[in-house]
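K.L.:
Now for the letters of each chain:
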Amino acid sequence: MHIPWLKIYAFLILFLLFVPLILIVIFSFNDNLLGVFPLTGFTLKWYKDILSGKLYINGFKHSAIVATFSALGASILGTLGAYGLNRYRWRGKGPTLGFLTLPILIPSLVLGIALLSYFTFVGIKLSLGTVILAHIVFSTPYVVLIMNSRFHNFDWAIEEAARDLGANALERFRYVLFPLIRPSMIGAMLLVFAISFDEFVVTYFVIGPQSTMPMIIWSMLRRGISPVLNSISTILLILSFTLLFIAMRVLKVKFEF
Amino acid sequence: MMLLFTAPILVFLIYSFWQLEGFEIVPEWTLKNYAQVARNPVYIKLITRSIGIGLITASVTVVLSYPVAYAMAFRMKEGRELILLLMILSLFSSYLVRVYAWKTILGGNGVINILLMNSGLVQEPVRWLIYSRFAVIVTLTSVFFPITILPIYSVLMNIHPNLLEAARDLGAGAALTFLKVTLPLSMPGVMAGFIFTLVLTAGDYITPALLGGSNGQMIGNSIVSQFGIASNWPLGAAITFFVMAVFLALFGVGGLLTKRLGVRS
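Protein chains in written order, with the numbering used here: chain P, 76 to 332; chain V, 59 to 323.
It is worth saying that the hints were derived from the structure and are not from the lab. Owing to the predicted nature of the structure, the values given are computational and were not obtained by experimental measurement. Errors might be hidden in some of the hints.
Examples of chain P residues toward chain V, derived with CB under 10 Å [what the hints assert, rightly or not]:
| no. | residue |
| --- | --- |
| 1 | Phe86 |
| 2 | Leu91 |
| 3 | Phe93 |
| 4 | Thr143 |
| 5 | Phe144 |
| 6 | Phe174 |
| 7 | Pro182 |
| 8 | Ser183 |
| 9 | Leu184 |
| 10 | Leu191 |
| 11 | Tyr250 |
| 12 | Asn305 |
| 13 | Leu318 |
| 14 | Leu319 |
| 15 | Ile321 |
| 16 | Val325 |
Mimicking EDC-like on lysine to aspartate or glutamate, the simulated pairs with C-alpha atoms at most 20 Å apart in a straight line are [to be verified]:
| no. | chain 1 | residue 1 | chain 2 | residue 2 |
| --- | --- | --- | --- | --- |
| 17 | P | Lys327 | V | Glu136 |
| 18 | P | Lys327 | V | Glu139 |
| 19 | V | Lys238 | V | Glu223 |
| 20 | P | Lys82 | V | Glu136 |
| 21 | P | Lys136 | P | Asp124 |
Chain P is nowhere near these chain V residues, computed Cβ spacing over 10 Å in every case [unchecked claim]:
| no. | residue |
| --- | --- |
| 22 | Leu144 |
| 23 | Arg185 |
| 24 | Asn220 |
| 25 | Ala250 |
| 26 | Leu306 |
Heads up, the beta-carbon is just placed ideally off N, CA and C, and yes, glycines get one too.
Sequences are here, hints too, so could you generate the full structure?
P.N.:
Structure follows, in C-alpha cells:
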C-alpha cells in the first residue's frame, strides 16, 4: 500500500503550529489558577474578570479607537494613492508603487524608533493620536497593494461615460466609482483593522499614557502568567480570525498563484 | 504620504550622528556613536548572536516548510486551500499571543514539563526549555513558518508540469527529477523565504525579551533599551544603522557567492 507520508507530514506540522493556540483556548475555560494543566473543571471566571477590570475594558476601547481611525485613514490614503497610480498612464508608475510599498520591508522595530525620534523632533506629544499616525504609515502600503490590483483591470470608460452624461467629479465618485470599488475598500479596511488592533512593536514606542490591548498583554507577560491572559488571548484570536474571514469573503480571495 | 514615511527615517539617521551630553541630545556631528558600537565587544557579540539565531531559525524553518509546500503543490488537490487559509490565519493572529502560548508550553510548570513529570521521565522541570536560546529558536520558527511556506509554494506551483514530464521521459527517476529539476527551479522561493525569516528573526526583540533569559538576549533588545532605560537615542540609532549595514553587506556577499557557484555548476 502507498502511504502518503508527505501529506501526513504536512498536516502534522500544521497541527503543531496550531497546538499552542488551541491550548490557550482550552486553558481559558479551565478552572485552575495557574492557567495551565491539569484541567480541573469548566469555568467562565476568566472572562468575567475581563469585564470587571477597568484596565482591560479600557485596553479594548483604546485598541478599537486606534484600529478604527487607522483603518479609515489608511484606506482613504491608500485608495487615493492607488487611484493616482492607475488613472493615468505615466512614467515612473512602477518605481512609485515600489516606493509606496517600501514601509512593508522596513523592520517594525526600526520604523517604531524612527517614528518616535521624528515625533520628538517635531515636538508632537505621544498619545493615541501618534499611535494612529504610526499605524497609518505602516498599513497604507497594504491598502495600496489591494486597491492597486482592483484598479488594475478597471474599465475607465465607465467613468468617462458618466462625465459625458454630465456628472461632475463628486457625482462621478459618489455614484460610479465608489460603488464599484466599495467591496475592495471594505476588505482592505477590515485587514488594516485586524493588523492595527494586534500591533505591538511600533505601538510600543509611540504610545502615550493610554494603553492598547497588546500593551496590556505585554506588561502582564513581563510580570508572569495570569489565567486572564488566556481569555484575553482567546478573544483577540477570535476577533482577528473573524475579521480575516469576512475580509477574504468580501475580497473574494481565491488563492491562485 | 512619502513625507510621513521618509522624514522619520531621515531624522533617525541624523540622530545617529549627534551626541549625548548629560541627558540632552546635542546637534553636534560626530562618528563617536558608530565607533562606540564597533569597539564594544558586547554589541559585536549580540550582533553575531542575533545573526546566528537568525541563520539557525531560517534554516530550520526552510527545511521544515519545504516538504509542506511540496506536498501542497504536488500531492493535494483539495487540502491546499485549507492549508493556505490556516497559514494566513496564523499570520494574522497576534504575535504576542503566539509568544505567550509558547511560554505556557515551555515554562517551568508548562505543558511539556508537566507531561514529562507525570510520565515519570524526569523528576523536576527541565530548565533549558524556557529562558534560553532554545526557547527563542522554537518560538521564532513557529511564528515565521507561514512566511517561508508562501513563497516556496508559489514558485513550486509555477513550475510547468511539462518540465517534470520531460525529465521523466528522459529516464530520470523521482529522486533525480527532484534534485535536477524541481529543487533548482524552486530556489528563488527558498531564498526569499530564508532571507525574510533571517531579517525578521535577527531583528526581533519581543521573543528574546519574553523567552530568551539572559543568554537569549539579542541586538534588538539592546537597541530598545537605548530608547528606554539607557535613554541614549543617538547610540541606539547608531546600533540600528550599524546592524542594517552589516545585513546589507552579508546579502551582498551572499549574492556574489551564489552567483559564483551558479557560474561554476
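K.L.:
State the violated hints by number, sorted upward, taking the hints as numbered earlier in the document.
P.N.:
4, 5, 11, 15, 16 and 22
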